[in-house]
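Number of protein chains: 2
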Amino acid sequence: MDRLNQIPLSMKDIAITDSFWSPFMERIRTKVIPYQWEALNDRVPGAEPSYCMRNFKLAAELTHPELNYGVPRDTGHGGMVFQDSDVAKWIEAAAYSLVWSPDPELEKSLDEAIDIICSAQQEDGYLDTFYIINGLDKRFTNLKDNHELYCFGHFLEAAAAHYEATGKRKLLDALIRYTECIDKHIGPEEGKLHGYPGHEIAEMALIRLYGITKNEKHLGLAKYFIDERGKAPLYFEEETKRNGNDFHWKDSYMQYQYYQAGKPVREQLVAEGHAVRAVYLYSGMADVARLTGDKKLLEACEALFANIAGKQMYITGAIGQSAYGEALSYDYDLPNDTVYGETCAAIGLAFFARRMLEIAPKGMYADVLEKTLYNGIISGMSLDGRAFFYVNPLEALPEASLKDRRMRHVKIERQRWFVCACCPPNIARIVSSLGGYVHSLNTGTLYTHLYLGNEAKFTVDGKEVSLKTETRYPWEGRVDITFTAASGAAFFTYGLRIPGWCRSYTLELNEEKIAPAVQNGYALLKRSWKSGDRITCVFDMPVVLVESNPHVRENRGKAAVMRGPVVYCLEEADNGTELYRLRLGTPGAYSVTHERDLLEGVTVISFAGTREKDWSTDVLYRPLDKPALEDKPLCFIPYYAWANRGPGEMTVWVNR
Amino acid sequence: MDRLNQIPLSMKDIAITDSFWSPFMERIRTKVIPYQWEALNDRVPGAEPSYCMRNFKLAAELTHPELNYGVPRDTGHGGMVFQDSDVAKWIEAAAYSLVWSPDPELEKSLDEAIDIICSAQQEDGYLDTFYIINGLDKRFTNLKDNHELYCFGHFLEAAAAHYEATGKRKLLDALIRYTECIDKHIGPEEGKLHGYPGHEIAEMALIRLYGITKNEKHLGLAKYFIDERGKAPLYFEEETKRNGNDFHWKDSYMQYQYYQAGKPVREQLVAEGHAVRAVYLYSGMADVARLTGDKKLLEACEALFANIAGKQMYITGAIGQSAYGEALSYDYDLPNDTVYGETCAAIGLAFFARRMLEIAPKGMYADVLEKTLYNGIISGMSLDGRAFFYVNPLEALPEASLKDRRMRHVKIERQRWFVCACCPPNIARIVSSLGGYVHSLNTGTLYTHLYLGNEAKFTVDGKEVSLKTETRYPWEGRVDITFTAASGAAFFTYGLRIPGWCRSYTLELNEEKIAPAVQNGYALLKRSWKSGDRITCVFDMPVVLVESNPHVRENRGKAAVMRGPVVYCLEEADNGTELYRLRLGTPGAYSVTHERDLLEGVTVISFAGTREKDWSTDVLYRPLDKPALEDKPLCFIPYYAWANRGPGEMTVWVNR
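From first to last, the protein sequence lines stand for chains A and B.
Going by my numbering, the letters in the first sequence line up with residues 1 to 656, in that order.
Going by my numbering, the letters in the second sequence line up with residues 1 to 656, in that order.
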């Protein structure tokens with residue numbers, strides 16, 4: 001079986017025309033990507049400089065003395081040690097946007113960026129400005145903390161995306177050379193460093209490169225990074241010793257599990273450590289498991305996914321409960337107010353879910369993918385595309401964010417840009433590449449994982465088939481899918497995902513009710529498909545109150561409101577302050593309205609509720625009395641849209 | 001009106017013979033005080049050295065080269081900058097214990113300590129080992145952070161206690177000289193430093209000295225410290241500038257309010273900053289307000305007390321919600337798990353309450369005093385007197401204390417001793433001086449604030465009167481009080497506190513029911529009292545479920561169990577893990593048992609309850625369903641006695 005066949009449809013074969021997502025994608029294309037290019041070039045007035053492109057220019061000048069980008073040669077490296085990755089993410093996002101919206105201006109900026117980047121590349125292929133500027137003798141001496149292989153991984157993603165979007169090989173070839181350089185220094189052979197990335201991403205990025213090159217060495221290096229990780233003697237421990245025993249996590253219970261390196265990855269069955277690193281690693285593990293058929297590795301992936309989705313994931317798809325180490329913490333620990341929930345971690349979870357789907361089309365993976373996309377990922381960006389959350393709390397209290405040290409990482413308003421600007425370009429790259437997440441072909445079956453307006457084409461049974469999806473999802477549960485098989489009917493199975501949140505639905509094929517078998521969350525329709533065949537799905541989309549497992553201490557006595565895949569919240573703008581005094585009324589007593597002019601168009605939910613009245617005395621404690629409640633209609637808005645109307649309180653979980 | 005008349009009965013005039021408190025006091029006397037003396041002298045095997053007495057010996061040797069305590073002269077100062085205060089607190093506690101239990105051995109140790117301390121005193125009266133050892137030229141240059149005036153204050157308390165207990169003046173005279181030295185350098189006059197203590201206590205300690213010396217300069221210095229504090233130009237700000245602008249709180253919302261110095265004290269109406277410092281200051285403010293009749297100052301004290309008791313105090317009497325700065329946070333912010341609740345802060349709150357009672361006998365002050373004593377103070381010490389809590393959480397989770405950085409200050413087991421050993425000797429000094437908190441005479445009225453077995457004598461209406469109290473409080477609500485007026489009947493008002501927790505009670509005088517007027521929480525009986533007069537109070541002591549004000553977000557949907565003044569908790573030892581899955585059953589469905597052999601004798605409460613069953617699937621979220629509950633009797637023990645049976649979960653607030 002050619003496992004590479006299982007990949008999603010190419011982004012080039014899908015056009016998204018969706019009333020929900022297209023505006024997001026346009027916002028990314030017209031606002032975020034141009035703004036980021038200015039930021040990378042230190043041209044945003046008032047913003048702290050990024051230094052990112054300046055670093056590349058300086059590195060190029062130092063490498064090729066004949067070059068002159070105007071950067072004084074005695075300037076140092078600026079920004080974070082991983083500053084290079086910012087432009088890599090930008091290239092990747094920009095390349096995706098070119099796929100669905102050609103833009104010669106942007107293509108020119110990309111060429112310009114790539115020319116500068118490539119002119120900094122060393123003779124042997126090496127390409128990391130931090131070490132080119134600070135001394136190449138020190139390169140590969142701190143894999144654990146200095147993000148060299150992290151930047152490498154992001155550039156691999158950028159190179160692959162740029163090549164796939166434009167057919168241009170310049171960056172791809174540069175990265176193939178850089179991969180050779182790394183392969184020469186790191187690996188299992190004697191004389192090489194037996195190291196691996198401190199911050200993972202290169203694993204999945206190498207698999208992507210392998211998808212293009214089919215060069216077994218590229219798969220091999222990814223596999224090596226995964227196999228070596230956490231093996232005794234621990235490379236990071238030895239590296240730490242060589243570097244003077246400076247180990248940031250020595251007083252932490254996490255130790256090397258901060259890096260998912262405390263034990264071999266196949267023995268890691270509980271998600272631990274830095275959340276973004278964790279899900280990036282797991283994504284790479286899933287890729288390698290898929291390509292190699294490594295059963296132990298697959299089992300670890302399954303266990304890790306189950307651990308996250310079943311024990312460590314917020315209802316919004318956010319992960320990483322702890323600001324300390326930006327990390328996962330422990331099972332069922334899900335504080336809503338002090339959560340980290342980094343936007344990048346939710347994005348990484350979507351990567352992981354997508355890769356698990358590529359291995360086996362199971363609804364549980366698509367459910368998590370959908371949950372992150374409609375909630376914990378897009379909550380990271382303001383509706384005007386100009387400001388971003390790094391941290392995505394499920395409960396916000398302005399006074400606490402100001403005065404409570406436990407919540408100093410929790411911002412009440414999105415920020416323009418970060419010194420560590422990982423999240424904004426990460427949102428840009430996942431939203432711009434959304435087309436790659438919608439459908440996949442798996443051994444002759446076409447699966448639809450996400451419902452959004454699009455036209456996609458694919459080849460099956462030797463025929464070209466296209467399908468057009470029309471829907472007002474996530475606000476409405478009706479989805480119309482029309483097939484076109486221009487070169488004649490094609491025999492194949494079509495797998496429609498029945499969303500995990502959906503309790504009842506109807507399916508019609510050419511206006512006749514059908515009840516196909518549902519397997520692993522997908523309704524399977526095996527037939528000969530001809531032009532004009534039309535499926536109509538109606539997923540009932542009532543308002544649902546959701547409770548959390550009794551093991552979760554933070555949500556006792558509370559419920560969250562969901563409708564379809566969308567998690568809702570209460571905001572101060574609609575409901576006043578002290579949201580914790582509110583209670584949900586009788587389930588069922590609600591109304592649903594789509595508000596075109598609110599928050600770029602959202603469906604809001606009004607729910608009967610009550611508010612605890614003030615006591616007649618202002619004592620702090622009193623003998624338990626019947627609660628004095630006053631009626632108070634509760635107005636819920638989609639969680640992703642919170643914090644777009646000035647600072648204020650917010651909560652997802654509401655007393656019941 | 002001689003305001004000094006309003007002070008409590010002298011400890012010498014009361015003998016405590018109480019089934020609840022006497023064992024605590026004996027434990028302090030026989031275990032804590034001797035252990036601390038060993039610790040202060042670095043003679044506890046395995047414990048980190050205190051350096052406290054060694055510092056004094058070294059300071060003495062440097063001052064008087066003829067002395068030889070055997071400390072090498074090139075040894076530096078050891079321990080914290082405020083290490084001196086440890087022996088001061090020990091002297092104070094030991095002196096109190098001598099009052100109620102003469103002990104020649106202990107008296108000898110005290111003399112030895114005082115001889116060493118006094119031999120370190122400088123010609124001009126100065127007495128702080130940190131600066132004597134490190135360079136006297138630097139003294140008084142960092143009042144804000146170096147605790148010089150804090151140690152001074154603790155020594156004033158020690159000196160007064162030692163003088164009152166033994167009649168010996170050596171330490172008292174040394175401290176009078178030290179006071180003169182400070183008065184020479186600090187004060188309103190030109191050429192003096194316009195400073196005040198960074199960590200308060202000297203204010204109330206100077207008032208105590210004034211009570212002995214009647215020297216107006218001593219009252220004046222206390223008043224100066226209070227009047228100058230927070231005035232512009234801010235002394236601490238200028239000192240910070242002189243010291244190179246190193247200001248630890250520059251990024252904090254607290255700024256100089258960490259030290260209660262952000263504005264003049266009379267304008268401080270909300271309790272803020274470091275909790276221990278805050279209540280120590282407020283205690284001194286109350287003392288000065290009482291003695292000077294300063295109305296603005298009194299109003300500030302009343303506002304601050306009301307703010308704490310009405311908006312920032314845990315049900316246990318703990319204060320200081322935030323580990324960051326060991327500080328108060330903001331109104332109604334009362335997290336149970338990440339609370340700081342330093343034992344010393346609860347003790348300081350008791351000091352403050354006692355002083356407010358001295359100004360005006362109001363039940364609200366005595367209620368807080370009683371609450372701290374039976375809950376948040378004695379929770380700081382293990383029942384064997386050998387281990388101590390610095391932090392007193394209302395909810396404990398072993399896994400969180402290990403893995404959750406927000407709770408790294410929350411220990412699950414009491415510790416033997418601390419590098420910063422403030423809490424153990426502070427418990428010792430308040431418990432040893434409990435006699436001073438029980439009754440007070442206020443302009444001809446004798447008030448009883450606390451109910452515990454004791455015999456007290458006092459002079460009123462020119463007659464000597466004594467009263468004997470017999471009770472099994474706090475386990476039983478009956479209190480018998482017998483008067484003896486050996487030199488003939490005495491006419492006065494007796495004020496009995498009706499505890500705030502008490503909803504119904506009966507009073508009998510000589511076996512006849514009476515219903516005297518109750519004013520400000522005290523039942524007032526005005527009559528001619530003769531020998532054999534006997535009051536019997538029966539305070540009904542049902543189990544009460546308590547809820548917290550709707551403004552408190554942390555306790556929504558929960559209740560705490562109290563009986564009398566005692567706050568109860570659930571512990572893992574009795575109730576298993578995941579205490580947050582438990583729910584209180586029908587109020588009223590409980591039984592109360594006194595267990596002689598459990599936890600040194602406690603009354604336990606069994607309450608009908610339920611436990612949420614596991615779900616049939618292990619998903620993290622599901623549509624809200626009827627809860628599947630199983631019956632589960634809940635066993636409550638007194639909060640103060642938790643963590644005496646190994647590590648485990650604990651919670652005060654329980655779902656209802």
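Errors might be hidden in some of the hints.
Note that the list lumps identical chains together, so a pair holds whenever it fits in one copy or between two copies.
[Claimed, not checked] Here are the simulated EDC-like cross-link-like pairs (lysine to aspartate or glutamate), alpha carbons at most 16 Å apart as the crow flies:
id, residue 1, residue 2
1, LYS184, GLU216
2, LYS463, GLU26
3, LYS31, GLU48
4, LYS311, ASP614
Note that these hints are calculated values from the structure, not bench results.
The structure presented is a predicted model; accordingly, all values stated were derived computationally and were not measured.
### Message
Tell me the hint numbers this structure goes against, listed in increasing order.
### Response
Violated hints (numbers, rising): 2 and 3; every other hint is consistent with the structure.
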